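Chemist: Chains as they are written, first to last, in numbering that gives the first Met the number 0: chain C, 0 to 409; chain F, 0 to 985.
Wrong hints could be hidden among the right ones.
[As the list claims (entries may be wrong)] Here are the simulated lysine to any residue pairs, SDA-like style, with alpha carbons at most 25 angstroms apart: (1) F:K233 with F:N363; (2) C:K287 with C:K308; (3) F:K924 with C:V396; (4) F:K110 with F:K924; (5) C:K255 with F:N363; (6) F:K233 with F:E919; (7) F:K781 with C:K287; (8) F:K339 with F:S360; (9) F:K924 with C:Q328; (10) C:K287 with F:K75; (11) F:K21 with F:Y6; (12) F:K82 with C:V396; (13) C:K406 with F:S360; (14) C:K393 with F:Y6; (15) C:K406 with F:K82.
If you're looking for bench data, these hints aren't it; they were derived computationally from the structure. What you are looking at is a predicted structure, and each value in this text was computed from that prediction instead of being measured.
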Amino acid sequence: MTKYTYSLVFLTLAIFLTSITSAFSQETVDSLAVQKGEQIYKANCTSCHMMTDKALIGPGLKGVTDRRNKVWLKKWINSSSDFIASGDADAIALYEEYNKVAMPSYYFEDADFEALFAYLKNPPIVEEVVTADLVLSEEEGIKTSTILMIIALFLLLLVYLLTSLKNKLKESIGQETETIPETLIGQFNSFISDNKNVAFVSFAALIVVLKFSYDTMLGVGVYTQYMPEQPIAFSHKVHAGENGVDCNYCHSSARKSKHSGIPSANVCMNCHTYINEGKITGTTEISKIYDAVGFDPDSKTYIEGYEQKPIKWVRIHNLPDLSYFNHSQHVVAGKVECQTCHGPVEEMEVLYQHASLTMGWCIDCHRETEVAMEGNEYYTELHDQLKEKYKGEKITVDKIGGIECAKCHY
Amino acid sequence: MKTTKKYWKGLAQLNDDPIVEKLAQNEFVEDLPVDQFLGDKENLSSTNSSRRDFLKFLGFSTAAATLAACETPVVKSIPYLVKPDEIIPGVANYYASTIYDGRDYASVLVKTREGRPIKIEGNKTSSNARVQASVLSLYDSSRLKYPLKNNDESDWRTIDSEIKDKLLRIKNGKIVLLSSTILSPTTNELVKSFSKKYRNVEHLMIDSNPYDGLLDANLESFGVRLAPTYSFDKAHVIVSFGADFLANWMANDYATDYINGRNPKSGKMSKHYQLETNLSLTGANADKRIQIKPSEQAYLLSNLLGALKGESFDKRLTKIVKDLKSSKTKSIVISNSNDKNTQLIVNAINHQLSNYGNTISITNPSKLKQGNTSNVDALISDMQNGNVEALITYNVNPSYTLANSKEFNNALKNVSLKISTSQHHDETAHLMDYVCPDSHNLESWGDANPKHGVYSLMQPTISPLFNTRQFQESLLSWMNKSDFQSFQKNYWISKGVDWNKSLHDGYFNLNEPSIKVKRFTDNSISVAKKNNESIELEIYETVALGDGRQANNPWLQELPDPITRACWDNYLTISSSTADKLGLSNWNVSNGAMNGSLVNITDGNNILENVPVMITPGQAQNTVGMAVGYGRTRAGKAGDNVGFNAYPFLNTKELTITKIEGEYEFASIQLHHTMMGRDIVKETSLAEYIKDPSAGNHRELYHTYKGKLPSNEVSLYEEHDLETGHFWNLSIDLTSCVGCGECVVACQSENNIPVVGKEEMRKSRDMHWLRIDRYFSSDMTKELSKEEKISAITMYSEMEVPSENPEVVFQPVMCMHCNHAPCENVCPVAATTHSNEGLNQMTYNRCIGTRYCANNCPYKVRRFNWFQYSENEKFDFHMNDDLGKMVLNPDVVVRSRGVIEKCSMCIQKIQEVKLTAKREGRPVKDYEAQTACSSSCSTNALVFGDSNNKESKVWNLRNDERAYDLLDHLNVRPSVFYQTKIRNKA
């Protein structure tokens, strides 16, 4: 009963809070403009600016709309060099502060500038809901075992109660009482004295053993949850989750090749030339990249004649050689989200194998997934033929030969 | 019943001897010297482990192995630190380049994966099996890995300074650069500046199989010592006297042109006469083949020239004379003779027929053969006289290829500075003071000018694997310079060549004015008929090995000869009647493999012992043939001591043959020679074809309840749905297929097909997914037996015997991808199944090796992996070393022991093409999907495509009147079909 009360309170609170936020946002911010502004920001500004206090190449943009007015900002963005030349004191000071590097010119339409300004004024609020979710799911995980424990305790209690009841009854009619072990042994002896019982139990045990070994055998070579320690404690959560870096930015060959590709260190250096310190691990992990490529973070230069050391990542997803898998087939042609197979990577502090990667798992998906035919001219003719052939049924991958042996084994 | 009887183990027990009691207590009467043994440290350290230790070790290692097996193997994944822009792991890059090894030339596309060349394809020009296989020679573990000084490892700095020092000290003697024909204009430039720096430099070129006769004749006739180019596509009549122009002659692959001139659909087919001694690949494709002895060639040519001028002629030439007379300006007459006078007659004939300027061009000559053997004879005497102080060799192996190599080797001792630039420590290189190993073509920069106005560029597709340096760099460093790449680039830019575009395309043409030749001078002398009763010899090059440069290439060694179907050998080819006369024979042993007699041969100067004899239909009477390129002694693990060396007999005309005791074991993979009256290869003549396009291809009809029907309309099977999506088909035109075997090597390269070696080949355990069957015609036919009332038994036994001068057909056979596949029905584990695109799929990881499918396959195209061929020292070919494995295609599985494998129709290529189309959101284009065999075919005999695409070539071919299914009566509905062979018979 109390449980219901708590839920109700929580629900009311939640509804109340949401209504407040939405009411607040409707009042002051044009959310469409913020969205548009975010796109513009991501397309143009992220390589030099962060939405925090921290400077990257240019200054951090947190609270920039408070520091500068709209007109000033527009002039600066449109052409910082002209603005500096015009003799604006703030502009010159900024220029001097950042090693006399002028910001490149961006000519935005008025509407676009408004949107960008709106975004800068209302930067996204980092929500902490994710962690709460995780805790919840962990609790759920514990529950099943707790229930089993409770059941076991309950059964033991039952045995105790029944035995003591029996003893009470025996006492009342003056018979000799038994301790709990005596009762159990007696019961057990009478049970095994019947051959039928023994046969039944042995048979059941055999079945259990067989089932257990069958499951074990099936599990050979299946490494779900495989979470090896990596040479660099790279956090997908920070990169893909919090910073929202697109998967394809680092794993660029996933769109072109059978391999998704582990990014080469020069891709890391695109950002880490400027970002020298991480949130969680500080400089320890990032300096491992510098150590590999020979980069001096202080002078921001590559050390000449440095003997570079390759980074030996531990491969997590290992398909056997006998099966062919192509990332670009799934990502581009099939339009499958990375997370479908790799799980919630953006939440993984340490990456682990999410799916079992067994053939059964592949085939199950191929039987259920519809082929992404819309808008792809490769399928135009085939789609018409298939529509006629399967009359209204879903056209799943297996219907175009997606579970044939030689699609993956050659 | 209990017994009280007591048994004694001996008298001692009966007598109650105390020893019995003692023994029962203690087995060892004397104390074992355990303490003594273990206490003695010295003794202990000098012995191996005790029994107990052994058991401990055993137990521990077993446990450790078991535990280790349980653990997940940790796989490391090491990305680039700085990824090159053009490399995407998993995506192939193609680079245009050139292959020229001093013998074979081709402009090629090199397929690389992660920076490793894995496959070679022709770049809009034809190539051959050796060019296809040259990618494996890159990963040859017997290549030289560092420079050598006096056959010991050295370094470039030492070698260079010593060589420069010695070269500078030469005052009077000559410095000779002995090379193959050089096609590279920039290399020629370098040689020129080398000659300027060091005085007395002489540059000599030799060809392993010399063409002096032809070149010298042209010098007399036209004033230029060059070979002409031939347009076989324009010729209506081709008369070849022994020239194997479809395979080896002039090192130019004329097959494409030849087949372009033979298109039955247009009704125009050249008429091809071949007058030859050995049955060559070209002879096998001829419309009319006449057997002649080598000594008759000059006479017949002279006779032909007379006939064209209106004189009387040999009756064997009747049709040729008639055809040639009616096709002036549209004919080609060629000869393989290395005799100047014979070639002068050939020139006179072509001049008489006005072929120069029409089908033959001397003003736009070929540059492929420029060697001059007489230079070498002069060089040898110069060396003997001590006039040569330094000898540098490049792309040649004179100690192996010269007929007088012994003299050469002896004379070499008088040369004070001997430098080889060979890639291998070969027969010549190991006699040299310094070896400066050249890099492989695929590791080098370069260019080539194969014929007038046509140029192609060579670019490296991989960094040198070893500490080697390309010859040009060596030359430069001896001139205190370096950087051949820039030298070459600047050279071409200064000639006005668009460097980047040309490098991208791989070739460019320069508009050069035709070369000036003097007016034709007829110096031909008529030759009279000579009767020669002795046995004559003709030397030839095999389609697989050529001059033996790539003898250490196991793909080539295992490529069966198109005519004899034997591999890993050379032999004396002889006709059956001559063999009978000499008491020689071939026979089959109990497992079907072929054995042959042995002979000793001599020409007076040279003696060769234990030479095996191969009876070859088509060989002229009283003649024998012998292939060069074998019998290498310093080629490497695959090429050493395979066959015998025939080069000493290069100039031999006549042979004495003596039969000796003993027998030789051949590895021939086709033991039947004729079709036994069946229509496996359907054939007709051009005249018949013009009358009725389906001539020779009438389908048999079968009685059914619906009346008489062709087999494809009768079926008990449930049909596969082949109309939806793709339907991959392969058409094989038997008129265009010349049987060169390029597709076999291309398939081997694409599909990671292992090399199994001679012993396994002999047991017919070849692994080639694609084979080219060869059939000879027989004198006995079903019609003849009816006419002459010959009994069936006699008829069939006579049908087994090929004619003395047979017609030959070639038929490439791979998995037919039957749509009613007999193999699929019998597999107990469903390892072979059908795809909805008309392919018969083979799933290796599912196969348990019952071989039911191979047994049930009517085409016998399924191959069983009897052994693990990779990582197995018993099969010490490329897949047994780390280097050789670099050639493997990462998209195709390396099959293991105990599974069946077969042609997959290059499914990896089909899937790739489909995926590219899907990614780009467009339909698959017709030319895109190719199999390894179809893309390698120089004559476009193999055409692959989607039959559901009504605009595709292959759909048109499927509906052609010539199309037929192999073993049609079985009604297995293959996805591979053939086009009838059409010969231009009179």
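Chemist: Against each hint, give a clear statement of whether it holds in the structure.
Modeler: Here is what the structure says about each hint:
1. Restraint check for K233 of chain F and N363 of chain F: satisfied, since their Cα atoms lie roughly 16 angstroms apart, inside the 25 angstroms limit.
2. As the CA atoms of K287 of chain C and K308 of chain C are separated by approximately 10 angstroms, the hinted pair is consistent with the 25 angstroms bound.
3. Simply put, K924 of chain F and V396 of chain C have alpha-carbon atoms about 23 angstroms apart, close enough for the 25 angstroms limit, and the pair holds.
4. Only pairs whose Cα atoms come within 25 angstroms are accepted, and K110 of chain F paired with K924 of chain F is accepted, the gap being roughly 21 angstroms.
5. For the suggested pair K255 of chain C and N363 of chain F, the alpha carbons sit about 46 angstroms apart, so the restraint of at most 25 angstroms is broken.
6. As the CA atoms of K233 of chain F and E919 of chain F are separated by approximately 42 angstroms, the hinted pair breaks the 25 angstroms bound.
7. Distance restraint check for K781 of chain F and K287 of chain C: the Cα-Cα separation of roughly 82 angstroms exceeds the 25 angstroms cut-off, and the hinted pair is therefore not satisfied.
8. For the suggested pair K339 of chain F and S360 of chain F, the alpha carbons sit about 19 angstroms apart, so the restraint of at most 25 angstroms is met.
9. Proximity of K924 of chain F to Q328 of chain C is assessed by CA-CA distance (about 19 angstroms); at most 25 angstroms being required, the pair is judged to hold.
10. At most 25 angstroms may separate the alpha-carbon atoms for a hinted pair to count; K287 of chain C and K75 of chain F meet this at roughly 17 angstroms.
11. The suggested pairing of K21 of chain F with Y6 of chain F holds, with an alpha-carbon distance near 19 angstroms, which does not exceed 25 angstroms.
12. About 35 angstroms separates the Cα atoms of K82 of chain F and V396 of chain C, which puts this hinted pair outside 25 angstroms; it is violated.
13. Taking the CA atoms of K406 of chain C and S360 of chain F, the gap is about 51 angstroms. The hint is violated against a cut of 25 angstroms.
14. About 88 angstroms separates the Cα atoms of K393 of chain C and Y6 of chain F, which puts this hinted pair outside 25 angstroms; it is violated.
15. Distance hint between K406 of chain C and K82 of chain F is unfulfilled; the C-alpha atoms sit about 30 angstroms from each other, more than 25 angstroms.
The structure fails to meet hints 5, 6, 7, 12, 13, 14, 15 from the earlier list, while all remaining hints are met.
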